[in-house]
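Undergrad: These protein sequence lines map, in sequence, to chains A and B. Count the first sequence with the working numbering and you get residues 1 to 114, in order. Count the second sequence with the working numbering and you get residues 1 to 115, in order.
Among the hints, a few may not be true.
[What the hints assert, rightly or not] Distance ranges between label pairs, derived from CB positions:
{"#": "1", "chain 1": "B", "residue 1": "Asp63", "chain 2": "A", "residue 2": "Ser18", "range": "44 to 50 Å"}
{"#": "2", "chain 1": "B", "residue 1": "Thr78", "chain 2": "A", "residue 2": "Ser80", "range": "42 to 48 Å"}
{"#": "3", "chain 1": "B", "residue 1": "Thr13", "chain 2": "A", "residue 2": "Trp83", "range": "36 to 42 Å"}
{"#": "4", "chain 1": "A", "residue 1": "Ser14", "chain 2": "B", "residue 2": "Ala54", "range": "48 to 54 Å"}
{"#": "5", "chain 1": "B", "residue 1": "Asn52", "chain 2": "A", "residue 2": "Glu88", "range": "30 to 36 Å"}
{"#": "6", "chain 1": "B", "residue 1": "Ser5", "chain 2": "A", "residue 2": "Ser80", "range": "45 to 51 Å"}
Treat the hints as calculated values from the structure; they're not laboratory data. C-beta atoms are modelled at their ideal positions from N, C-alpha and C, and glycine is treated no differently.
Residue strings, one per chain:
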Amino acid sequence: AQSVSQHNHHVILSEAASLELGCNYSYGGTVNLFWYVQYPGQHLQLLLKYFSGDPLVKGIKGFEAEFIKSKFSFNLRKPSVQWSDTAEYFCAVTTSGGSYIPTFGRGTSLIVHP
Amino acid sequence: GAGVSQSPSNKVTEKGKDVELRCDPISGHTALYWYRQRLGQGLEFLIYFQGNSAPDKSGLPSDRFSAERTGESVSTLTIQRTQQEDSAVYLCASTLSGRTYNEQFFGPGTRLTVL
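For reference, chain B alone in the conformation it holds in the complex (with noise of 0.2 Å):
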């Protein structure tokens, strides 16, 4: 596929249980991001990812949130011991390089929900 794509599309699940997003990147793309969104808020950046470089996981909310990247390709977010309040859709995005003048490209995100 040419787009960045994520699964699942949806999620639903229970407090207290683990759960992990996948995104693919469009190929060739060095930089990854991940983003969570709340209903009716902005984008919150949680973590970001640029080749073989360390990440950056400023944006990450606590310890229960963790990703993975391998090499330029796959990535993983994960959630431990999830809680109400990490209902949200998480979207991942990937550009080009690690320029700040390039455009993100989205995928269609992985909808949360936590009971």
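Bound conformation, chain A alone (with noise of 0.2 Å):
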């Protein structure tokens, strides 16, 4: 079974700074990717997703991610946070022909102070 980890549980930001949250999944077949994210007080709600095609995707809100295949990462970055990204983002896969069943990380907690 895959496992997604995150390694940034919490990240504390001040406002203009650079983001990089780390994705790491074990699974050696085709995966889809995705970031979510919960502000405070919200639903969970998508971020970006990769599933096929440029491995550089983009999102709402200037956030980008990156699929490395040969380190098996996708990681989440912004040139620039601000005080309304804090939020608690969370990494998940489903991996093509496999099980509909997305495994999720644990998540990270941003905070960015203005």
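If you follow the hints, you should be able to join the two separate chains into one complex; please do so.
TA: The structure is reproduced here in structure tokens:
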């Protein structure tokens, strides 16, 4: 069974700092990768996803993520964070041709100070 | 409504009581998932429904947990004889179809507290 690791559990940044949240998965086959975000008091929602094509994907609010197959990674990046990016971020993976059940990482809590 | 809805939003119960949680998926979404999220943890898969197929119950932690779904609409998750370790946020999500690349649309969750 696949697993997803998010190594940063808590990240604290000041506004305008750059952000990179790590996500690594363990599965040797074809994967679909997702980042979800949960803003305070709101539902979990999709930030961006990768399932084929350009490994650099762009999502909402200036976020992007790069799929590096050789490193089994799908790190989330943003060049300049804002206070409104304070949220919980979850990485998830499904396997093409496999189970329809995604595996989620433990999540990363991001706090951005104004 | 356009989104996934869940009720109740909060439930406080006493140990040993049964609870029933409800999920209304987005209309037209054939796939529905239940997850449990304990404080500081990721999402723990519980059960998956796809259309009229037999549900995937592989994530249910014990036989005290069960879920039903009527066709492609409402789902209920039932926890019998609740225990304190059942305290968590229970999330429901739906997807347009059972494709592995489809995004999940989540409800607001039900926060269950077992005293």
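Undergrad: A range of 42 to 48 Å was offered for this pair. Does it hold for the Cβ distance of Thr78/B and Ser80/A?
TA: 47 Å, holds
Undergrad: Hint says 30 to 36 Å; check whether the CB-CB distance for Asn52/B and Glu88/A agrees.
TA: At 34 Å between Cβs, range holds.
Undergrad: Holds or violated: 48 to 54 Å for the Cβ distance of Ser14/A and Ala54/B?
TA: At 51 Å between Cβs, range holds.
Undergrad: Looking only at beta-carbon atoms, does the pair Thr13/B, Trp83/A fall within the given range of 36 to 42 Å?
TA: 37 Å, holds
Undergrad: Indicate whether the distance between the beta carbons of Ser5/B and Ser80/A respects the range 45 to 51 Å.
TA: 35 Å, violated
Undergrad: Against the range 44 to 50 Å, how does the distance between the Cβ atoms of Asp63/B and Ser18/A compare: consistent or not?
TA: Holds, since Asp63/B and Ser18/A (Cβ atoms, about 49 Å apart) stay within the stated range.
Checked against the numbered hints listed earlier, the structure breaks hint 6 alone; every other hint is satisfied.
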